[in-house]
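Asker: Sequence:
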Amino acid sequence: MINLRRSACFCITILIAATSARSQTPSFITDSLDSFISRGMKNWQIPGLSICVIKDGKIVVMKGYGVKKIGGDEKVNENTLFMIGSNSKIFTATLLALLHYENKLSLDDKVTKWIPEFKLDNKAAGEQAIIRDLLCHRIGFRTFQGDFTYWTSDLTRSQVIEKMSHIKAAYPFRTTWGYTNAAFLTAGEIIPRAIGKSWEIFVKERIFDPLGMNSTLALSRDFPSASNKAVPHTFQDGQLISIPYCQIDNLAPAGSISSSVYDMSKWIMTQLGNGKWNGVQVIPASVIAETRKPHSIQDSVENLFNHAHFLLYGLGLELTDYEGKEIISHTGGVNGFVSSVTMIPEEKLGIVVLTNTDENKLYQSVKWEIIDAYLKVPFRNYDSAYLSNYSLRKSDNDRKNKQWSDSASLQLKTPLALSAYTGNYFNEVYGNMKVVMEDGELRMKFSHHPAMYASLRHIGNNRFYAIFSDPEFGKSVFPFEVENGKVKSVTVKVADFIEYDPYVFRKSE
Numbered sequence: 004m005i006n007l008r009r010s011a012c013f014c015i016t017i018l019i020a021a022t023s024a025r026s027q028t029p030s031f032i033t034d035s036l037d038s039f040i041s042r043g044m045k046n047w048q049i050p051g052l053s054i055c056v057i058k059d060g061k062i063v064v065m066k067g068y069g070v071k072k073i074g075g076d077e078k079v080n081e082n083t084l085f086m087i088g089s090n091s092k093i094f095t096a097t098l099l100a101l102l103h104y105e106n107k108l109s110l111d112d113k114v115t116k117w118i119p120e121f122k123l124d125n126k127a128a129g130e131q132a133i134i135r136d137l138l139c140h141r142i143g144f145r146t147f148q149g150d151f152t153y154w155t156s157d158l159t160r161s162q163v164i165e166k167m168s169h170i171k172a173a174y175p176f177r178t179t180w181g182y183t184n185a186a187f188l189t190a191g192e193i194i195p196r197a198i199g200k201s202w203e204i205f206v207k208e209r210i211f212d213p214l215g216m217n218s219t220l221a222l223s224r225d226f227p228s229a230s231n232k233a234v235p236h237t238f239q240d241g242q243l244i245s246i247p248y249c250q251i252d253n254l255a256p257a258g259s260i261s262s263s264v265y266d267m268s269k270w271i272m273t274q275l276g277n278g279k280w281n282g283v284q285v286i287p288a289s290v291i292a293e294t295r296k297p298h299s300i301q302d303s304v305e306n307l308f309n310h311a312h313f314l315l316y317g318l319g320l321e322l323t324d325y326e327g328k329e330i331i332s333h334t335g336g337v338n339g340f341v342s343s344v345t346m347i348p349e350e351k352l353g354i355v356v357l358t359n360t361d362e363n364k365l366y367q368s369v370k371w372e373i374i375d376a377y378l379k380v381p382f383r384n385y386d387s388a389y390l391s392n393y394s395l396r397k398s399d400n401d402r403k404n405k406q407w408s409d410s411a412s413l414q415l416k417t418p419l420a421l422s423a424y425t426g427n428y429f430n431e432v433y434g435n436m437k438v439v440m441e442d443g444e445l446r447m448k449f450s451h452h453p454a455m456y457a458s459l460r461h462i463g464n465n466r467f468y469a470i471f472s473d474p475e476f477g478k479s480v481f482p483f484e485v486e487n488g489k490v491k492s493v494t495v496k497v498a499d500f501i502e503y504d505p506y507v508f509r510k511s512e
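Count along the sequence shown from 1, then add 3; that gives the number in our numbering.
Quick caveat, the hints were computed from the structure, so don't treat them as lab data. Here the structure is a predicted model, which means the values were calculated and not measured. No residue lacks a Cβ here, since even glycine has one placed at the ideal position from N, Cα and C. Accuracy of the hints is not assured; some may be wrong.
[Said to hold, decoys possible] Quick list of in silico lysine-lysine cross-link-like pairs, DSS-like style, CA-CA up to 30 angstroms: (1) Lys296 - Lys61; (2) Lys200 - Lys166; (3) Lys448 - Lys437; (4) Lys207 - Lys166; (5) Lys379 - Lys45; (6) Lys171 - Lys491; (7) Lys405 - Lys72; (8) Lys296 - Lys207; (9) Lys379 - Lys279; (10) Lys171 - Lys448; (11) Lys437 - Lys171; (12) Lys403 - Lys45; (13) Lys448 - Lys166; (14) Lys78 - Lys45; (15) Lys416 - Lys489; (16) Lys166 - Lys107; (17) Lys491 - Lys448; (18) Lys416 - Lys437.
[Said to hold, decoys possible] The calculated label-pair distances, taken between Cβ atoms and stated as ranges, are: (19) Ile198 - Phe382: 46 to 54 angstroms; (20) Asn217 - Lys296: 30 to 38 angstroms; (21) Gln48 - Leu222: 26 to 34 angstroms; (22) Pro195 - Gly443: 47 to 55 angstroms; (23) Gln162 - Thr494: 23 to 31 angstroms; (24) Gly75 - Asp302: 35 to 43 angstroms.
Take the sequences, apply the hints, and build the full model.
Answerer: Structure, rendered in C-alpha cells:
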C-alpha cells in the first residue's frame, strides 16, 4: 500500500511539475526535441529510445520513442526497461560508500582484508590495493583489459577475480587510469564478505526499494522475463539485427542493471537532492559527496565543440567541465544497448537517455543539445558532427572488411595443410581454445564461451579472416605464427567494444 501511494503521488507530481515548468523550458525542448530525436533515430537506425529530463526537482520530459524491436509494433514508453551497462557502477560505488559511512568497512581498507585470495600479477600492487583503487580504475590495467576473458563467459565471479592475477598490467600501479570492469566486480564482491548479503540483494534493499524503483532489476538473468523491455540490436554486415539478451552476472556490480527512465528519474532526483527522496534522507549527503571526489585523471577529453579543462574519475562517475559548469556523468554499453546519465548539480539539471542499439551516438548528442539549451548556448548540431565522424570510421572499417572478404573469396592455397592449424591452444589469461574442422571450414572454439565460435577463412600466407558467430565480438584477421613448418601460436583480436588488447594463444605440442 505504501508503495502504491508513493507511486500515485509521484505520478501526480510529474503532471503538476511538467505544467508549471513548461513556461521556463528552453524552446529547443518544447519545440524541437521530438523532431531532433526522431531524425536522429532514423539516421542512426535506432528502433527505440527513452529519455528523461529533470530541472529544479521537476520532470520536464519523460517519454519513449519508437519500438521495442525492429519490425515490431510494441511502443517504447517511460516504463520500458533497457540495460544500463556501466551506469550500474555508481550504484555499486554508492553502496560501498554507504558501508564506509556506517563503519561496516573503510574505502581505504586493503582489498585483501575482505578478499584474501585477491592477487595481481604485480604482487605489491595486489597487496597494497584498497577499495578506492577498484572504484576509480587505477590498479594499472589498460581500459577493458581482460574483458574478452570475462564478457558473457561461463566464468563465475570468483573465477573472474582469480583471472585478474594472470593479467600483466599495462601501467605501474596507481599511475594511469584504465577502465576495469573486473575491479568493480571485485568491489561488489566485498559487500557479502562485509555484511553477509550479496550485491544484488543489498542494492535492492538500500536503493531500489527505498526510491520506489520497482521495475529495476539488478541481474541480467532476470531481464528476459520482464514484461515491458526493449530488445537489444546491433549491426551485422551493415544490417540492423536483433540479438539475444546478454548474460553478464559474473560482472554484475560493473554493469548488469536494467532500468527505465521512470525509475532512473527517481535515482537522478535523489542524486541532485544530495541523497533526499520525497523529503527523506535515503542516502547520506556525505555518501553522495564521497562518490564525486576526484580520484583519477583520465587521459583524454571528448568534447566536439569546446575545450574541457579536466576529465577526472570519482567513484563510479566521470567529472569534467563544460561551458564553465561541472558535469557529472557516465555512459553505459552492453550488447545491444547504450545509455547516458548526466547531471549538472549547480543547474539542478539531470538527463537520462536509454537506447536499444549499441552503435549510435544519439544517446550523447541529445544530452549535449539539451545542456546547451539550458546554458543558452546556440544550437551546434552535435548529432550531425557525431554522424559525420562515425561515417568516416565506418567507411574505413567497411573497406577493410571488403578487402579481407575479397581475399578470402579467392580461396588461396594455405602454406600448410588445414589440419596443421587444428589442435589445442592456450593463453595464460583466457585459458583453452581449440581449432577444429567443422562443416567444411576451420573454426576456433573458446572454452569459456561454449556457444560461440569464430569461422576462419584463409586470406594469404598464414593469415585468416575471422568472423565470430556472435556479432558483438566482431571480425578481424588472425595471424598464425609458423616456425619450421609447425604452427606455434595464433593472435586473436575481438572487437574494441569488448577489449582493445590482442591475445596470443600458443599451440600445444
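Asker: None of the hints should be skipped; say for each whether it holds.
Answerer: Hint check results:
no.: 1; hint: Lys296 - Lys61; verdict: 26 angstroms, holds
no.: 2; hint: Lys200 - Lys166; verdict: 24 angstroms, holds
no.: 3; hint: Lys448 - Lys437; verdict: 5 angstroms, holds
no.: 4; hint: Lys207 - Lys166; verdict: 28 angstroms, holds
no.: 5; hint: Lys379 - Lys45; verdict: 27 angstroms, holds
no.: 6; hint: Lys171 - Lys491; verdict: 21 angstroms, holds
no.: 7; hint: Lys405 - Lys72; verdict: 29 angstroms, holds
no.: 8; hint: Lys296 - Lys207; verdict: 25 angstroms, holds
no.: 9; hint: Lys379 - Lys279; verdict: 29 angstroms, holds
no.: 10; hint: Lys171 - Lys448; verdict: 24 angstroms, holds
no.: 11; hint: Lys437 - Lys171; verdict: 23 angstroms, holds
no.: 12; hint: Lys403 - Lys45; verdict: 26 angstroms, holds
no.: 13; hint: Lys448 - Lys166; verdict: 19 angstroms, holds
no.: 14; hint: Lys78 - Lys45; verdict: 16 angstroms, holds
no.: 15; hint: Lys416 - Lys489; verdict: 17 angstroms, holds
no.: 16; hint: Lys166 - Lys107; verdict: 28 angstroms, holds
no.: 17; hint: Lys491 - Lys448; verdict: 17 angstroms, holds
no.: 18; hint: Lys416 - Lys437; verdict: 22 angstroms, holds
no.: 19; hint: Ile198 - Phe382: 46 to 54 angstroms; verdict: 49 angstroms, holds
no.: 20; hint: Asn217 - Lys296: 30 to 38 angstroms; verdict: 31 angstroms, holds
no.: 21; hint: Gln48 - Leu222: 26 to 34 angstroms; verdict: 29 angstroms, holds
no.: 22; hint: Pro195 - Gly443: 47 to 55 angstroms; verdict: 48 angstroms, holds
no.: 23; hint: Gln162 - Thr494: 23 to 31 angstroms; verdict: 24 angstroms, holds
no.: 24; hint: Gly75 - Asp302: 35 to 43 angstroms; verdict: 41 angstroms, holds
Taken one by one, the earlier hints all hold for this structure without exception.
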